[in-house]
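There are 2 protein chains.
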Amino acid sequence: MPKISFISDNTTTSIEVQSGTDVLSAARLANVAIDAPCSGNGSCGKCRIRIAEGNVDSTETRHINKEDFDTGWRLACLSKVSEDITVEVPDIAAAYKSRMKVADLSSGKEVEIFTQCQNDIENAGLAFGNGAQVLKIKLEEPTLDDTMPDDERLSRAAAAELGASDVIIPYSVLKTLPGKLRDAQFDLSLTVQKYEDRAEILRVAPASDAAPACGLAIDIGTTSVTGILADLESGKILAKASSGNGQIRYGADVIHRIVEQEKPGGIKILQDAVIKETLIPLILAMEKEAKVPADAVISLTIAGNSTMNHLFLGIDAGPLRREPYIPAFFSCDPVPAGELGLPVNPKAPVHIMPNIGSYVGGDITAGTLASMVWDKDEINLFIDLGTNGELVLGNRDFLMSCACSAGPAFEGGDISCGMRATDGAAEACTIDKDTMEPSLSIIGGGALIGLCGSGLIDVISELFRCGIINAKGKFVREGERVKHNEHGMGRYVLAVRDDGREVSISETDIDNFIRAKGSIFSAIMTMLQSLDMDVSVIDSVYVAGGIGSGIDMDNAVRIGMLPDIERERFHYIGNSSLAGAYAGLTSTAAREKINELAQSMTYLELSAIPGYMDSFVAACFLPHTDASLFPSVKQN
Amino acid sequence: MPKISFISDNTTTSIEVQSGTDVLSAARLANVAIDAPCSGNGSCGKCRIRIAEGNVDSTETRHINKEDFDTGWRLACLSKVSEDITVEVPDIAAAYKSRMKVADLSSGKEVEIFTQCQNDIENAGLAFGNGAQVLKIKLEEPTLDDTMPDDERLSRAAAAELGASDVIIPYSVLKTLPGKLRDAQFDLSLTVQKYEDRAEILRVAPASDAAPACGLAIDIGTTSVTGILADLESGKILAKASSGNGQIRYGADVIHRIVEQEKPGGIKILQDAVIKETLIPLILAMEKEAKVPADAVISLTIAGNSTMNHLFLGIDAGPLRREPYIPAFFSCDPVPAGELGLPVNPKAPVHIMPNIGSYVGGDITAGTLASMVWDKDEINLFIDLGTNGELVLGNRDFLMSCACSAGPAFEGGDISCGMRATDGAAEACTIDKDTMEPSLSIIGGGALIGLCGSGLIDVISELFRCGIINAKGKFVREGERVKHNEHGMGRYVLAVRDDGREVSISETDIDNFIRAKGSIFSAIMTMLQSLDMDVSVIDSVYVAGGIGSGIDMDNAVRIGMLPDIERERFHYIGNSSLAGAYAGLTSTAAREKINELAQSMTYLELSAIPGYMDSFVAACFLPHTDASLFPSVKQN
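Each protein sequence line maps, in turn, to chains W and H. Using my numbering, the first residue of the first sequence is number 1, and each one after it goes up by one. Using my numbering, the first residue of the second sequence is number 1, and each one after it goes up by one.
One chain only, chain W, in its complex shape (with noise of 0.2 Å):
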């Protein structure tokens, strides 16, 4: 059998695969990371490796120029291998992987905007507090004249200290108590989950080994997954850490990862990249920098789109994509952690926050009560830009929701250059309109790798404004910066690296985010038509998301991405699901409160909206077809 050698990141990882394999399917048989936002049907030209010994049969591409032809450049996913070879993976390729990152908190700054949220949530009338307890309790040791079983022992002494009526001692801890108790000598640390007049003790421990009762909060991204891990008596912030999903190499967008769990195996293979390859370590270092046992995490709460709540559960996800578009759940029972492998107490509920449509999920319900728009009087918009885009629009009286097709780009996916708001990515760029060179600002300080979603705002608000582009996004102005394929395809060089890469964005890059930001406001304008209104009635615009905190709404506006109202009206509230969902864990109310806004808001299909593909088609233009709805834009 050929034997593959994958160099990435300074590493050679070897496989042997079948004769005819693809070079991208052996890279996930190997764990190398090599994306693929198209999972893999040669669209999106973003696995481009490097043959660097042997050869591949290999189709053509238009990703492919034909100079990088010649010098071994081809798509891992259409390069089929028959001999030994070495590939080179360049780290553009493998910008999405799962690279973890746990939080540093000493500043403050990473907490601030969940803390801020919580001070919100309780301003508007729903209590802190969850019911979660540790109690130090000494028990009276058997005697022959006091024989009563352990698990009644416990329970009377913990039903007296708590005032509950009834104690319930799980088989996960009855299971281990003899030892536990007597370990202890009887005097012991309970960690107890309350509910009303009824208690549950999931921690039995030495009183010597107390720990706090700990929560974890998980947003569960399409691109991105992000957790807290917290402590539930006081909401402190313990821990807080991301990484890339998992699944991200099964497909950048929901439709791929769908289209690759309906293959044979394939629920469990999309589960386990999430479960196993993301939470699970995701998890292990939250609660390692914590300083916490698995076993005193006792609650979680989950938010993710539908698509991800599905594949977090093991659930086929097929019938969401396939008329008439069905999901298995809206809402669901919490699930026990045990039931799903994660490494905290078994007996942990996981509340998974709920759907309300097949492509509304619960990331924009828990978002929706972070945003607050619930508890207001002026009709406020939130938009959470991450791999797809979804707004709501509403105040205390109404909350409509809709999801729009916008595709990866905002989180960097279909973007030649483009990767996630982590190191290496340009979040924020200037051009000089004169000299045309690029001004960068990089995250992490590192060198320059590609362009995350407020960077390729940036860009391309720079390169119209520069008269680069014109309002089609095609290259009108020459330059040294500006390129041009065999195809006669224009191109603009932000960098040539130290490797010899270019970092550029191209006429498809830039028409893959026009429609992008066309289907945002498109979707935007639907809204406000379909409730006779104009965007003078939106009194605030709360934008969250992977897109990054570096958003400048100002180019988002002049792009025509978001509507043309006063700048200070537009708030970027970061990632609003993490929010929710820490305020579903730390608050029983809170989290009763995202089931209500679940069940009250209503869904807009757009497709079934006549005019919005007109809509549409107006927007995807620099900043519109109708450029009276952007006076504050200067036009070309």
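Honestly, the hints are just simulated from the structure, not real lab data. If a hint is listed, it holds; no wrong ones were tucked in.
Just so you know, same-sequence chains aren't split out, so a pair can sit in one copy or run between any two.
Distance condition first, Cα-Cα at most 35 Å in a straight line; then the derived DSBU-like pairs of lysine-lysine:
(1) LYS268 / LYS175
(2) LYS236 / LYS136
(3) LYS268 / LYS138
(4) LYS236 / LYS101
(5) LYS288 / LYS101
(6) LYS268 / LYS288
(7) LYS138 / LYS263
(8) LYS194 / LYS175
(9) LYS175 / LYS236
(10) LYS291 / LYS180
(11) LYS66 / LYS474
(12) LYS109 / LYS194
(13) LYS276 / LYS3
(14) LYS109 / LYS276
(15) LYS268 / LYS291
(16) LYS236 / LYS276
(17) LYS263 / LYS291
(18) LYS276 / LYS175
(19) LYS3 / LYS80
(20) LYS175 / LYS291
(21) LYS80 / LYS66
(22) LYS263 / LYS136
(23) LYS3 / LYS66
(24) LYS268 / LYS136
(25) LYS474 / LYS634
Note that the coordinates shown come from a computational prediction; the quantities given were computed from them, not determined experimentally.
Position chain H relative to chain W; hints supplied.
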């Protein structure tokens, strides 16, 4: 490393072990059944094996006479291996092994007792019914105008059909719901568990693939395990099977099992022995026999003594055997079958019949229900003669229980030729007074292997009647069948088999049995005396348990095991533990009654009663030192 080859049942099994390992431990590692009632301390003599090739380093023992020693007989537990050897395992040494037997239900004999018990219980006012139901239902298929999620579609339709206010779909069912609905084209058979106005859907299958809603009642005895698979809607018994408890090679009685369990890893080893080795094959055999898929089995009741309950659940039973003798629990909430790895519906609740003391367990609370003593005006005695002896005395006004340390003699343990009541066991015996020739009735009709409990009673009663042994159990008559070893210890030879092995009963065996029967009789007397009563108050005696259905009550009285009352007042009621578990499975009211009985029953700790030891010593005689207690028994 030395290699040991075991020849057992004409099969050779080989294993390599560390030098110095004893043969019994090696057999356990190799999964070769060698009984070790004393769990390997050289005291019981049951693990006699023959070294056919090679030599072992063996400690001498009173259980091997010189002649046998010279021909290679050794105790497996006292023989250490240092070179390659071949070991012959005689059938008696594996008589307890887990031979599974699926009952033939065609005659109706196997189900009679359970049907009778069910009738008695219903007549006592405990209605049949457990909330299980199979529901055929056809859902409306989703369309673009009807996009309700799968779970709501199902639960709403089921709620309407069932008249339930709330229908729960657990995660285990939700997980595969999309595929199930679509494969079935929304035409379904549901297996439902109702609880008052709530209902839980536990199985979803195509209408064409309907199965009855089933349950399992299982008696986990120290020696034998027996199960019933029943249709929960009709109560009909669909299969019945039994096998030896796989824990048997870790000791015959509960104390030896606990000792083994306290060794490192022992909790898991003992739990695996009963679940993986015993219950899983037993349950699979019943499901196969009844042609029922595993997920159609949605409820279980388990009856076992307190130690069996602990070991089954994998809970440290150590404190049960050490002062002050504390169990982890008396009753516990139902455990989901999935958490125990049983091959049934993972959500099936496993109801553990409640214990009332460290040595009066769920087998007795379930058996008490089946005995019906709680429903009578007259005072009755219920005796369960299994691996130990437990007694319940009372009527509808009071119930008193106690346990006597009778040991495993009634099921053949501690008796050199003893075995459980299965094929090859003599279950009845008469001896001709003149010729001293025995006449045996052998279960299964094949070759004699040994004696079960009822056979032992007969043999000892007959030896005494014929004057072959005296009231102390010593041999006092000479004859061809009476032999003595080099220490003068007598034995009665029941048979010499074709393979040359002698089946005989020795003075040591008789002595062990007399102590067992003495402990039963003295327990009866001590209970009565504690209530200022005598045997005349007893209306009926219900004898249950593994001693065997062939028990001759007259002989049991003659040897002074049971009180000397009219013989027609004795009734053998078979496996009352299983009958009670079956009643608790099919009738929620019966299950609640068992819990109520457990709550109300008092427990008499015999060892704490002054005079019990004297009473026991007086009873260790044939029939008793006080002949006036046995007026009907003609003294020799």
